[in-house]
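Chemist: Each chain, written out:
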Amino acid sequence: MARTEEYQLNVGPVHPSTHGVLRFLLTMEGETIKDVEMIIGQLHRGIEKIAESRSYLQFIPYTDRLDYISGMTNNYGFTKAVEDLAGITVPKKAEYLRVFVMELNRIVNHLVCIGSLLLDLGAATMIIYGFRERHKILELFESLSGARMTFNYIRPGGVRGDIPEGFIDKAKAFLRDMPKRLDDYAQLINENEIVLMRMKGIGMLSPEDAINYGVTGPMLRGSGVSYDIRKDDPYSVYEELDFKACTRPECDTYARYIVRMDEMYESLYIAEQALDRIEHLGGPVKAHFPRIFTPPEGEVYSRIEAPKGELGFYIVSDGSTRPYRVKIRSPPFCSLQALPQMVEGLKIPDLVATFGIVDIALGDVDR
Amino acid sequence: MSIQSELKTRFGDAVIETYLQKDGKPGLVVKPEALLEICNFLHDSGFDHLSLISGTDYVERMEVVYHIWSYTRKENIVLKVKLDRDNPVVDSVTAVWRGANWMERETYDLVGIRFKGHPDLRRILLPDPWDGHPLRRDYDMSVDQYVYIDENGKDVVTQDASKILREEALDGKN
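For the protein sequence lines, the chains are A and B, in the order given.
Each residue of the first sequence is one higher than the one before, counting from 1 in this note's numbering.
Each residue of the second sequence is one higher than the one before, counting from 1 in this note's numbering.
Among the hints, a few may not be true.
[Unchecked claim] Selected chain A positions facing chain B (in silico; Cβ < 10 Å): (1) E6; (2) Y7; (3) V11; (4) D184; (5) Y185; (6) N212; (7) T216; (8) G224; (9) R291; (10) I292; (11) R329; (12) F333; (13) Q337; (14) D366.
Hints listed in this document are in silico derivations from the structure and should not be mistaken for laboratory results.
Using N, Cα and C, we set each Cβ at its ideal position, and we do this for glycine too.
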């Protein structure tokens, strides 16, 4: 057998399958990956530093730019921390609107994740379909917030504004069509032989390791740990809604993919229930929130189940109009740490598949 | 018995005070030298998820806060250590939770707190030769730092903008 020497191989930072400006430094033995070093920070904008010089309300648009694929959940993560800090109660209708947009945002995120993963695996169809559905959701978001990606919609005390005319019908039409589409996509991908060969048994991560590395979200549920913050540490109105946490015990890339597919159905189901309540609830969608807002002194850490995992905001308030410190727990920053262990002993194409399903947005990793 | 009082009785003097966060999560201020022992105990009693490590500069002191969650007990606990600002050093908890690795590197990078026993304590978001720790209160925001890659492929940080701009661009500016 031919002997090979260890060598280093650079991937990125602008390689298409690194999904942004992430750089891999691979230590290879022949074609086998021995170790991966990830070099991050190229998109570091110092958002935590910026927070110190902005008021609480001014900081919300910056959260849109963290994980730019799911701006709504980022808005809510920060908003929830501020509400916990100041003890603001939110009108019921606003809470249901929040849940509705967040669940649709989860679908957007998973469509983009699965689409780009399959694009990396050589199947260009799914990303086109995914973006078609994403466009429909973004149109709904646009009619609510006026923006397609940087929403600034969810704010302390409620949401930006009530639903526009005709919104319910448009949303209902979408919710009616979408399950059929998802069935189509599942049929297209789930049993595809190439997909199975590329994803089954690749990138194994045991539940113990996943927990120890701080991996959260669909990654953790793909390792058989049934844990969903919406269920286990409930917030907003999730306690009043019926849904289940999607879990798969296989611990491989395929399991993580299936978890994401299942979650989209669950999200549709939640959105349907939320929309029903929105339709029948009256009243305001925004509680009073003072223009010059000075929360009480203290610290708060609040976390939510973002599409990519546990999104947390730690806020220290000194009683002034600006936060003293904002620290963001971004889900992919923590999940990425498990990657070297997941890909050890695999080949480079397997790295692409394993990394694709980690589902990162560099805006969130680098902040 | 709640985990807060359990820790208090078990570790006695090492716990300086107990408090509640604004959102009701129980917290403990502990002595830095006892942190690793307490973390080991917490991990063994089911607190297996380290949510977040955050460092804060309070001008007269530094604080590192650990938010920990238990998947089995479904409970939160917050640990806090207060450090001397001139020499902020605390034990690394990477041996307990491997996920602490990058979070500690980030805290070192942005706040300048050093973690004793960390396997690879380097900057993570900023380039290695960066001057200062941006999330410190005395960080000078008026000084611009520019990064470029020299002929050996190493990051170089400079305060001289002409190093990164081409001459035409500079001419156009003046």
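Chemist: If a hint holds in the structure, say so; if it does not, say that too.
Modeler: Outcome of the hint check:
1. About 19 Å separates the beta-carbon of A:E6 from the nearest beta-carbon of chain B, more than 10 Å, and the hint is not met.
2. A distance limit of 10 Å between C-beta atoms decides the matter here; for A:Y7 the minimum to chain B is near 16 Å, and the interface restraint is violated.
3. Restraint check, A:V11 versus chain B: the minimum CB separation of about 15 Å is more than 10 Å; hint violated.
4. The interface hint given for A:D184 is broken, as the beta carbon of that residue sits about 36 Å from the closest beta carbon of chain B, more than 10 Å.
5. Hint status for A:Y185: violated, given a least beta-carbon distance of 32 Å to chain B, over 10 Å.
6. Satisfaction of the interface hint for A:N212 is found here, the shortest Cβ-Cβ separation to chain B being roughly 5 Å, below the 10 Å cut-off.
7. A distance limit of 10 Å between C-beta atoms decides the matter here; for A:T216 the minimum to chain B is near 8 Å, and the interface restraint holds.
8. Because the closest C-beta pair between A:G224 and chain B is about 12 Å apart, greater than 10 Å, the hint is violated.
9. At a threshold of 10 Å, the smallest CB-CB gap from A:R291 to chain B is about 22 Å, leaving the interface hint violated.
10. For A:I292, the suggested interface contact is broken, since its CB lies about 20 Å from the closest CB of chain B, more than 10 Å.
11. Hint status for A:R329: holds, given a least beta-carbon distance of 4 Å to chain B, under 10 Å.
12. The interface hint given for A:F333 holds, since its Cβ lies 6 Å from the closest Cβ of chain B, which is under the 10 Å cut-off.
13. With its C-beta approaching chain B no nearer than about 5 Å, A:Q337 sits inside the 10 Å limit, and its interface hint holds.
14. A cut of 10 Å between beta carbons decides the hint on A:D366: the least distance to chain B is about 6 Å, and the hint holds.
The structure fails to meet hints 1, 2, 3, 4, 5, 8, 9, 10 from the earlier list, while all remaining hints are met.
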